[in-house]
Amino acid sequence: MKLQQLSLFLENRPGQLRAPCEALGRAGVDILTMSLADTAQFGILRLIVKDWPRAKAVLEAAGMVVNVTEVLPIEVDDRPGGLAAALAAIEEAGLGVEYMYAFAARSTSGKAAIIFRFEDPDRALAAVRARGLRILDGDELVAMRS
Amino acid sequence: MPLEIDHAIFDPAETLSRDELHALQSRRLREQVAKAEAAPLYRAAFAAHRLDRRGVRGLEDLAALPFTTKEDLRRYYPLGLLAVGRDRIARVHGSSGTTGKPAFVAYTRQDLETWSGLCARFLVAGGLRREHLVQVAFGYGLFTGGFGLHAGIERVGAGIVPAAGGNTPRQVMLLEDLRADALVCTPSYALHIAEVLAEQGRGPAALALRYGYFGGEPWTEEMRGEIERRLNLTAFNNYGLSEVIGPGVAGECRERDGMHIAEDHFVVECLDPETLAPVPDGRSGELVFTSLTKEACPVIRYRTRDIASLDRRPCPCGRTGARLSRVIGRSDDMLIIRGVNVFPSQVEEALLRVEGTTPHYLVEVSRPGSLDEVVVKVEIRPQEFSDEMRQMIALRDRIDHEIHSITGVRMGVELVAPGTLERSTGKAVRVLDHRKART
Chain P
3 MKLQQLSLFL ENRPGQLRAP CEALGRAGVD ILTMSLADTA QFGILRLIVK DWPRAKAVLE
63 AAGMVVNVTE VLPIEVDDRP GGLAAALAAI EEAGLGVEYM YAFAARSTSG KAAIIFRFED
123 PDRALAAVRA RGLRILDGDE LVAMRS
Chain Y
8 MPLEIDHAIF DPAETLSRDE LHALQSRRLR EQVAKAEAAP LYRAAFAAHR LDRRGVRGLE
68 DLAALPFTTK EDLRRYYPLG LLAVGRDRIA RVHGSSGTTG KPAFVAYTRQ DLETWSGLCA
128 RFLVAGGLRR EHLVQVAFGY GLFTGGFGLH AGIERVGAGI VPAAGGNTPR QVMLLEDLRA
188 DALVCTPSYA LHIAEVLAEQ GRGPAALALR YGYFGGEPWT EEMRGEIERR LNLTAFNNYG
248 LSEVIGPGVA GECRERDGMH IAEDHFVVEC LDPETLAPVP DGRSGELVFT SLTKEACPVI
308 RYRTRDIASL DRRPCPCGRT GARLSRVIGR SDDMLIIRGV NVFPSQVEEA LLRVEGTTPH
368 YLVEVSRPGS LDEVVVKVEI RPQEFSDEMR QMIALRDRID HEIHSITGVR MGVELVAPGT
428 LERSTGKAVR VLDHRKART
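If you read the protein sequences in the order shown, they are chains P and Y.
Per this note's numbering, residue 3 is the first one in the first sequence, and the count goes up by one each step.
Per this note's numbering, residue 8 is the first one in the second sequence, and the count goes up by one each step.
These aren't lab readings, by the way, just hints derived from the structure by calculation.
Treat each hint with caution, since some may be false.
Reference excerpt, derived from the structure (chain Y facing chain P, CB under 7 Å, subset only) [stated by the list, open to error]:
| id | residue |
| --- | --- |
| 1 | Glu391 |
| 2 | Asp394 |
| 3 | Glu421 |
| 4 | Leu422 |
Pairs of lysine to aspartate or glutamate, EDC-like flavour, derived with a Cα cap of 20 Å [claimed, not checked]:
| id | chain 1 | residue 1 | chain 2 | residue 2 |
| --- | --- | --- | --- | --- |
| 5 | P | Lys58 | Y | Glu206 |
| 6 | Y | Lys384 | P | Asp40 |
| 7 | P | Lys58 | Y | Glu395 |
Just so we're clear, the structure is a prediction, and the values are computed from it rather than from any experiment.
Glycine residues also receive a C-beta, built at the ideal position from the N, C-alpha and C atoms.
Pulled out of the complex, with its shape left as it was, chain P reads as follows (with noise of 0.2 Å):
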């Protein structure tokens, strides 16, 4: 399913990227995985948290500008190669990556997670499936970090 993922601009300078991590850990939000995307001038973090309303307005109520995108938890084999399946099968559907970053493997399953956003959100969920790849729920990723 579709996962909410939140956005956040920063501007390059020091103590930028502390603010919101402070924020969140202030108000019990547990951050499950993140990505920092950075031009020289400023930067764009992606988060993935549990509740993802409540960090929205925890962050905005520390006077930050927060987005919401809609990402896709893609299950990958965790083995030379596995990536590379999926990133085969996604590019047979014709899928647009914007980006993606590794949310975790987890060792016991073989498995690993890749947060994906796709210029489609919707069309990739059904294309993805389609090709027999599996998109994980939000108690799986959970799980998987447990």
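Use these hints to put chain Y onto chain P, whose structure you have.
Showing chain Y alone in chain P's frame:
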């Protein structure tokens, strides 16, 4: 919003024929020069120029009179312009004093009467009537904005909510609860009020505003559109500076095509700031004012440093006073970037052409090596923040392109988070020139 045609005129002097006006100006100039000579600054200046004021016959001799600069006022601090006994001072105001001590200017009872009448002129020209209620969000203090407009509104006979500057949520509450018809403040503060209203999740429908009288700092047509849209009012520009009298030197009529100068009280010149030669109507130059009727502090050929142009063609409203364009910059604020003259207002104009930015910006100039470097910090709007890097970069590139096409100078554009640049209730700080700090 469409304007009903209503050209009510507060003072018949606003419609004198140009010939009548010139005759009046000549007569008043002779009297004013005689009065000015009583001031320490002019006694010294006339002596230094070997000027016999009895030789001043009228407007034709204006060019022989010496200029007055802000530095002159500083040299004769605090009241070198004072041409009457201290016992006749009814009030003292001062400029904001962003550079050093304020420049003070005194008023007699008669001066205050003149001044309130001048403010009433542009208030009525915009549509204000005695049945209206006006919220004044200018600071009440040495700054001429608050008390000046306050007295002008009283002359019109309208009601006043003297909210004064600051505490924007309270300004919104007062506007909403007391249903003011008009708002008086700086244009940047009007935008800030609109922002706070929007942050509360509400729009202009919550307010009853119809007119906005904005002045005290340069602004742009784009900013007018933005204020009008976000507060649902008709916005009027007005012009003045404390050294000349304060607000009321010029103000827009409902044509909103230039601000009518009160030429029966001031002679205006528009000069090339380098050569001091007059520039033709329609061309930008430095505004120079000579007061004609002041008692406490007459000013002769005061160099305002404001850059604007004049239009003496007839106006459909019937007023005959020359029309002053928007002030496009100050010769002080004029930045020379790698040899090109740039005004902060041009950067503002560029930003307002780009969707997704607020008109809040800061131009930082430095010279790390031998070349000037400029960085423009621009606040993005929360709703325009995109998760996708290439959209954010495209936004920055669009701003970069507009600034370059308007100013002719490449500046670095830095996007910053909304609300991070300092807001001001008085004159907004738009430029930090680190080059000056070193000299």
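Going down the list of hints, with the structure as the test:
1. Glu391: violated, 9 Å
2. Asp394: Hint holds; Asp394(Y) Cβ to chain P Cβ min 4 Å, cut 7 Å.
3. Glu421: At about 5 Å, which falls below the 7 Å cut-off, the nearest Cβ of chain P leaves the hint on Glu421(Y) intact, so it holds.
4. Leu422: holds, 5 Å
5. Lys58(P) with Glu206(Y): holds, 16 Å
6. Lys384(Y) with Asp40(P): With Cα atoms ~17 Å apart, Lys384(Y) and Asp40(P) stay inside 20 Å; holds.
7. Lys58(P) with Glu395(Y): holds, 18 Å
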